[in-house]
Amino acid sequence: MKHFKKILCFIIVFASASCNKEWLELEQPGNNDKPYFVDAGSAYEAVIAAYDVQAWRMNVVTLWAVGSVMSDDAVKGGESPGDQQGMYDCMNFNATPNTDVPSWIWGDLYRMIARASFAIDIMIEQDASGEYNIPMDLDLRNRFIAECRFLRGYSYFRLVRNFGGVMLYTSAEDDGTTHGSDLSNVRATPDEVYAQVEADLLFASQYLPATVPLAEQGRATKGAADGLLAKAYLYQEKWGQAKAQCEAVMNSDENYGLEPNYGDVFSSSKQWGQEVVYSLHMVEDPDGNWGEHEGSWLSIWFGDRDMGWGYGFRCPTIDFVNAFEPGDSRYDATIVEDGESIPGIFGGAPHDFTGGSWNPPTGFMGQKYLIPDSERPVTADCNGNLDYIFLRYADILLMHAEASMELGDNGVAESSLNLVRNRAGLANYDANSAVISTYKETTLLGHNPLKASIYHERRVEFGLESERFYDLVRWGDAATVLQNFNDNGQTYGKNNFVTGCSELLPIPAGDISASNGAIEQNPCY
Amino acid sequence: MKEMVVVGYGSQESEDVTGSIVQVDSKQIMQTAVAGAADALQGRAAGVEVVNSNGSPGSNTEVRIRGLGSINGSPVLYVVDGMPLDGAAVNAIAPQDIASIDILKDASAAAIYGARAAGGVILITTKRGQKGKPKVTFDTYYGVQSLIQKMDMMNAGDNATAFNYADAVRGETPDADFADPDALGNGTDWQDLLFPGGSIYNAHVNISGGSEKATYSVSLDYFDEKGVVPSTFYKRYSFRNNLDFELSKKIKVGTSMSLVRDGGKGTSFNGDRPENSILLAAMSMDPTITPTTPYTDFPDTLSLVPTDHEFYSATDSLAWMNTPRGNTGNPIASLYRNGTQYGMTWTDKLLTNNYIEFKPFEWLKFKSIIGCDYSVQNGWYYNPVFYIDATDKNDIDGLGNNYNKWFSWNWENTVQIDKSFGKHTISLLGGTSAYDWDNRNYGFSKSYLGGSVNNEVTPNMLLSNTGTINTAYNEGYSGFSYRRYASVFGRLNYEYNDLYFFTGTLRRDGSSRFGSAEKFGVFPGFSAGWKIHNEKFFKSLQENSGLDFISFLKFRGGYGQIGNSEPAGDFAFNGTTSINNSAVIFGPDGTQTQISGSTVDYVPNPYLRWETIGMTNLAVDAGFFNNKLWVTAEYYVKTTSDMIMGNPNILSAWGVGGAANTNIGSMENKGFDFSLSYQKMEGELNYSISTNISRVSNKITKLLGDDSFVIQGGSFHAMEYYTRTIVGSQVGEFWGYESDGIFQSQDEVDALTYVDDNGIRQLTYGSTVGPGDYRYVDQNNDGQLNEEDKIKIGSPYPDFTMGITGDISYKGFDFNVFMYWSYGNELFNTVKVFTETPYEQTNMSSYMLTDAWRPDNTTATIAQLGGDRQNNYSRSSDRFIEDGSFLRFKNISLGYTIPENVSRKVNIEKLRFYVALQNYFTITKYSGRDPELGSTWGVFVQKADLGNYTIPKTLNFGINASF
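As you go down the protein sequences, you meet chains A and B in turn. Here the first sequence is numbered in the numbering used here, starting from 59 and rising by one per residue. Here the second sequence is numbered in the numbering used here, starting from 71 and rising by one per residue.
Please note: incorrect hints may appear among the correct ones.
To be verified - DSS-like cross-link-like pairs, simulated, lysine-lysine; straight-line CA separation at most 30 Å:
#	chain 1	residue 1	chain 2	residue 2
1	A	79	B	305
2	B	296	B	475
3	B	475	A	79
4	B	320	B	435
5	B	975	B	203
6	B	305	B	97
7	A	79	B	589
8	B	203	B	322
9	B	197	B	589
Unchecked claim - Here are some chain A residues the structure puts well away from chain B; computed CB gaps all over 12 Å:
#	residue
10	106
11	151
12	227
13	489
14	495
Worth flagging that the hints you see were computed from the coordinates, not collected in a lab. Note that the coordinates shown come from a computational prediction; the quantities given were computed from them, not determined experimentally. The C-beta atom is built at its ideal place from N, Cα and C for all residues, glycine as well.
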């Protein structure tokens, strides 16, 4: 009976243990049962999570896939038409709600919005007695919130210029992240979205620091908020506010200015130079994986396929190559010609665009964001160091020129325009110069000399920098330019542009069906 | 001796069972040459559907008991000698070591396993030693395997003719090489070239015996299968040791231990299009090119091929050629790369299971079983640099090494009381169970190892981290997951006078997979039986009416509930806070460390709970002529509620990482199981025949509470979705357009128009469709062809499946036939997308030359060569639907046992030789390679032929000997 008792005890003890609920409460890897966001450190992590989305691969790809490839400046390129089919469909104005490019923009920017809003929520939540749930220094709290609102303003600005009015979610509670009910899946008007952009950027402008120390380079600054706000005003044709906001940047203490040498703007040595107002910070991630990390892979997107490190995308059109006027120093920094050797890039080997095993469809390639061999990422192709400049000082100047011109302040407009022209080695604007009569903006679009010059200047100054399609749309010139596009007999489907339809991208099909149709599709899709 | 069946936590006389339990014995398991127990179950038991549609050696077999329990599938629970194991561990058990397999089919029987029994329970009992002198058995077989069917493809001349025709239709310039098709002759037969055949080999030795106090059974097993696709293989080495000791009259202890190393290589070249599927590539490779065309630029690439490879040639850089047409890569080159020694997975397992049984009185028994499954898996691969042409190349070599460790333990304690009071017999069982599972994994990969087309990286370089390897290209990962279950359970069996039987069970399960709101579930089951043949009134009825040929008659029925926790995932109820998962680096390049980011990435669902399956079972068992003829018929209804699915109504605009798993659906399965067997076991001529028939159908009764919600499946390549799962219908039915003949003229095409939203008249078929292209029925007559015109065009579910086994023996000879019949389902043959069109690939089925539409063959039912591909081969339609019925002779074997008086002279107790044909004959109307298909992508796409790796046919020779 001795054994019997022992065994019985054993079983009884164990049986009670197996009913124990605690034994079943396993801690989830990477998760914490306790509220995680309790102090300034964890609040900062929530802010970081919003920054994280900025450099995600497709989030950056979509900038040029729409801004350049859908314009008269560039064609898709790549190995074949089917290489990035979605981008090809966008270029042809054949995108559908199932095309990937719009869904990348949509998904990533809304992800950034959700993360920014979540961070704001946890920093403004108060208990019944009015105490903040997360105790932290007021200035720090305001700066963190300002950073989130900057990122959210940036996201909504990009959404509204791609899709028109979109749903406005400004708190995690709006979007079901925490509550899962009472959702407002209804698109706001473009004006309402711009109002949100302005409110976010004004707050950001008030509370962001004018400068950040070197170790924090990449975090948002007041200048970035001011410059982006200027652009938001410009897109709404609020000329007075746009001009004033540009001047806020131009007259700030931060000494923004043009790099003397245009080509330097896109080099790693000037990535925090005086011309950069806001850039998407890219750093080679030591983890080096192909996930959604911190590196840039623009150089491999834009490289020559025959050089062993390139996918051959975003090739400039002949139409764009011919737009440079004689003596424009920007040409060489923007365009790679057949036979051209670029020191330090691909070992300085000459590019062969006619007899190679792969040739760019237009016979030209782009040079901006190609990095020297010595700066190639070692961990993964997509993991480069070079920042992507979203807003630079030349843009502030040309926005200033455009807004001033629209206000009838032509002298001011000309002086800002001339700063940009002179840097490129060109003479001051002269309404009577013969070259203006050769601009497409004059011959095709019939703009007056000053407008033609400012528009033309934007095109060549920001060549292949993802501005052109959005500029054409806001100027109302997109239909004329694209429907008449002819590149030595090739149209690359750009003539399919339909007025009233092609200005905006389709809302992704998945969200329309998930909302049971509450989200309305853009016209013609 | 009464036949016993194994029930959960015990055994019972099979005649007394009230639930639905079927037993497959050792003899049946060993009848066919298969790698694992699951394969051996095919066609053996009514209601148990076993499909192995993957011919890759060592691949997993799909077992489905009584239909589709859930849109997530409901995995079968395997219990080996009382220890729950996963399917992979079960596959590692040598079939010869199995004494019996008992399958708990209905919920009243399975409810004792509660929350993990949703898919039914398969109880495997391994052979244990018997008292007596040592007995040695030796079993071995060797088989030759070949492709189950070679497809009839065009030869080179016909291929050129077909291309010339298609080019003319498309208005393209014909290929200059094809000016004289006849001159091209037969060309290359890629199927012969790529599939030289495989083999299967098994050897098994067992020694068993024992004394009064101790018994043993020890076996060694070696299994080696080389697939029909060269370079694929599966090998298994296993050792099993079952020991039992009687410590005293009251205490018994025992242990089972199994050590297994298994592994091999499948092929990543098993996709759904010629570029990534070896079987499709073999059909669609250009027959006009020969594999001996040298690729002049890179002759040294052959250094990547091991010299003992069957395709290797020292003098001829044979396989490295470019493909002039199509984008099918070079399949021989792919096989080379697959066939290099780099790239395989090995698993080492230690399975152990130990018990102590204490029986203080005849009526009282305590038992404690503790066991574990410890597995370590190591997989590694090397992707070499190679260059065949600009599209078929790899510039960057890479090495990966993945390590996985699983450890699970299970501890069960039971107490059982057996008592009889007069005519009443009671058996009471109570117990507890605890289960803990964890997995750790990590791995690394490196790229830019320095290999080049002229410079192979050797295995030593890979492992030693020397040579040209740049450590900067290292990447690593690690992960882990775990889960636990804790349970208490009880069962009451009551019997009255061998007439009335009752079983009631109750199990309460708790699991770490659910949040505190729904952590526990209770699963009841009960069943009852009535043996009419033992009733006095029945006996007198028999005597009076001549019904005395009825020797056994029992009615039984039951109801039970079981749960499915598998689809919940391990921590899906939590809203995941992703910590350190979104890092950012600020500051100058290369000098700063990253800053962690954290956010809420998943929507939580604390109310997530088990999928619950309730099943009612009604049955009759009858024996005739002293039970020589035995019939069992069963009917069941199975209702599944709280089916789990990621909530699809989450917008990407909400910016969260994923949709919470939610209990959002219900479905129902109904079916019949019927089995009949007859045996004569006297005299010199013995024979038996047994058949089983199963029929089951399912119906979705709720999805999200939205009757219009559709789950689509099957889209691939250019083909659109071809299955739908909707409320009121079975899961994954085929949907598409109904075809309506072939357009005979352009006028017929152009006559079909509609007016679009802008008031503009549009062509229904667009501008590219012409004569010779398919026409489809516009179901709603709106002039447009769209989703609304699609109808149900077929069902992947058979009307019934049937297994038929016949055995006959005369003197020393024995003959066995085993057939499997699946009747009444349709198949979706996607292979036609490639074999009927001259676009993506370069060869086509032979019938395209004769049977396709031409202006002089207007009665054809197949569209014109070179017609509109989008219209003909991207639309889902009944053109892809075929009758999927088949009757397959799974096994035909003939054996001869040498008379005992002869074999005794050489000290052999029994010596049998046999020859067997497996899967050799199939009767079917299906035009594709093999109609025996399973699930392709979960349950939403079943019975779709993607041209994947099919099972082989085998000719086996074997010996069974015992000493």
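Beyond 12 Å from every chain B Cβ: check whether that's true for residue 106 (chain A). The claim breaks: residue 106 (chain A) does not keep its Cβ more than 12 Å from every Cβ of chain B (closest is about 3 Å).
Distance rule for residue 227 (chain A), whose beta carbon must clear each one in chain B by more than 12 Å: Not fine: 7 Å to the nearest Cβ puts residue 227 (chain A) too close to chain B.
Measure nothing beyond the straight line between the CA atoms of residue 975 (chain B) and residue 203 (chain B); if it is 30 Å or shorter, mark the hint as holding. 19 Å, holds
Residue 320 (chain B) and residue 435 (chain B) were given as a pair; does the straight-line alpha-carbon distance stay at or below 30 Å? OK: residue 320 (chain B) and residue 435 (chain B) at ~9 Å, within 30 Å.
Hint consistency between residue 79 (chain A) and residue 589 (chain B) [alpha-carbon to alpha-carbon, up to 30 Å]: 8 Å, holds
Holds or violated: are the alpha carbons of residue 475 (chain B) and residue 79 (chain A) at most 30 Å from each other? Holds, at about 27 Å.
For the pair we were handed, residue 305 (chain B) and residue 97 (chain B), check the Cα-Cα distance against 30 Å. 24 Å, holds
Report holds if the minimum CB distance from residue 489 (chain A) to chain B is greater than 12 Å, and violated otherwise. Holds, because the least Cβ-Cβ distance between residue 489 (chain A) and chain B comes to about 43 Å, which exceeds 12 Å.
Would you mind confirming whether the straight-line C-alpha gap from residue 197 (chain B) to residue 589 (chain B) stays at or under 30 Å? Since the Cα atoms of residue 197 (chain B) and residue 589 (chain B) sit roughly 38 Å apart, the hinted pair is violated (cutoff 30 Å).
Pairwise hint evaluation, residue 322 (chain B) against residue 203 (chain B), where the allowed Cα distance is 30 Å at most: Measuring from Cα to Cα gives roughly 21 Å; hence the hint holds.
Satisfaction of hint between residue 305 (chain B) and residue 79 (chain A), Cα-Cα up to 30 Å: Violated. Residue 79 (chain A) to residue 305 (chain B) sits at ~43 Å, over the 30 Å cutoff.
If I take the minimum Cβ distance from residue 495 (chain A) to any residue of chain B, is it greater than 12 Å? 39 Å, holds
Consistency with the previously given hints fails for numbers 1, 9, 10 and 12, ordered from lowest to highest.
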